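Which chain is which? The protein sequence lines are A and B, in order.
With full-length UniProt numbering, the residue at position 5 of the first sequence is 5, and numbering never jumps.
With full-length UniProt numbering, the residue at position 7 of the second sequence is 7, and numbering never jumps.
Take the hints with a grain of salt, since some may be wrong.
You can't tell identical chains apart in this list, so a pair holds if it fits in one copy or across any two.
[Said to hold, decoys possible] As a list, the in silico DSS-like pairs of lysine-lysine whose alpha-carbon atoms are at most 27 angstroms apart:
1. Lys60 / Lys41
2. Lys60 / Lys20
3. Lys61 / Lys20
4. Lys41 / Lys20
5. Lys11 / Lys60
6. Lys11 / Lys41
If you are wondering where the hints come from, they were derived from the structure by calculation, not from laboratory data.
Computed from a predicted structure; not experimentally measured.
There are 2 protein chains.
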Amino acid sequence: MPTIVVDVMPKAELLDPQGKAVTGSLARLGHGQFQNVRIGKRVEMTVEGEVTDEVLAEAKKVAEEILSNQVIEDVISIEVV
Amino acid sequence: MPTIVVDVMPKAELLDPQGKAVTGSLARLGHGQFQNVRIGKRVEMTVEGEVTDEVLAEAKKVAEEILSNQVIEDVISIEVV
Numbered sequence: 001m002p003t004i005v006v007d008v009m010p011k012a013e014l015l016d017p018q019g020k021a022v023t024g025s026l027a028r029l030g031h032g033q034f035q036n037v038r039i040g041k042r043v044e045m046t047v048e049g050e051v052t053d054e055v056l057a058e059a060k061k062v063a064e065e066i067l068s069n070q071v072i073e074d075v076i077s078i079e080v081v
Numbered sequence: 001m002p003t004i005v006v007d008v009m010p011k012a013e014l015l016d017p018q019g020k021a022v023t024g025s026l027a028r029l030g031h032g033q034f035q036n037v038r039i040g041k042r043v044e045m046t047v048e049g050e051v052t053d054e055v056l057a058e059a060k061k062v063a064e065e066i067l068s069n070q071v072i073e074d075v076i077s078i079e080v081v
């Protein structure tokens with residue numbers, strides 16, 4: 001069965017407290033060259049049958065309406081792997 | 001500044017309660033063709049300067065030691081975007 005991967009990230013303009021906390025930890029642990037950490041979701045789901053345009057359109061709808069909160073998050077990619 | 005994206009997923013053999021819950025919701029909401037939902041993390045971080053092999057090796061170390069819990073998660077990709 002094909003797998004669809006949906007990537008969701010917090011909106012760029014919003015504060016990402018979790019990301020900030022990890023950024024701070026990286027600096028304290030000597031990995032200061034890595035900055036501006038932002039943490040989102042990577043959702044995998046299998047789909048029965050072929051991935052047609054209709055299925056992808058529905059996956060987009062599911063991604064935007066169920067898998068993410070459009071007030072604070074953006075769906076940044078939907079791909080078949 | 002270049003951005004490195006680290007994708008982390010729960011180990012395949014482990015139960016993913018969150019994924020199971022979302023799978024159930026999708027079925028109840030009429031999107032039953034999407035199944036086996038698994039939810040992981042997508043971590044973005046910027047890096048100062050050029051992304052050399054050394055920087056990528058360090059990003060891998062950070063991904064495995066700090067950004068994921070190797071007991072229950074796998075780092076499935078590290079890429080420069």
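Hint check:
no. : hint          : result
1   : Lys60 / Lys41 : both (15 angstroms within a copy, 19 angstroms between copies)
2   : Lys60 / Lys20 : between (29 angstroms within a copy, 20 angstroms between copies)
3   : Lys61 / Lys20 : between (30 angstroms within a copy, 19 angstroms between copies)
4   : Lys41 / Lys20 : both (16 angstroms within a copy, 15 angstroms between copies)
5   : Lys11 / Lys60 : both (17 angstroms within a copy, 25 angstroms between copies)
6   : Lys11 / Lys41 : both (12 angstroms within a copy, 15 angstroms between copies)
Of the numbered hints given earlier, the model fails none.
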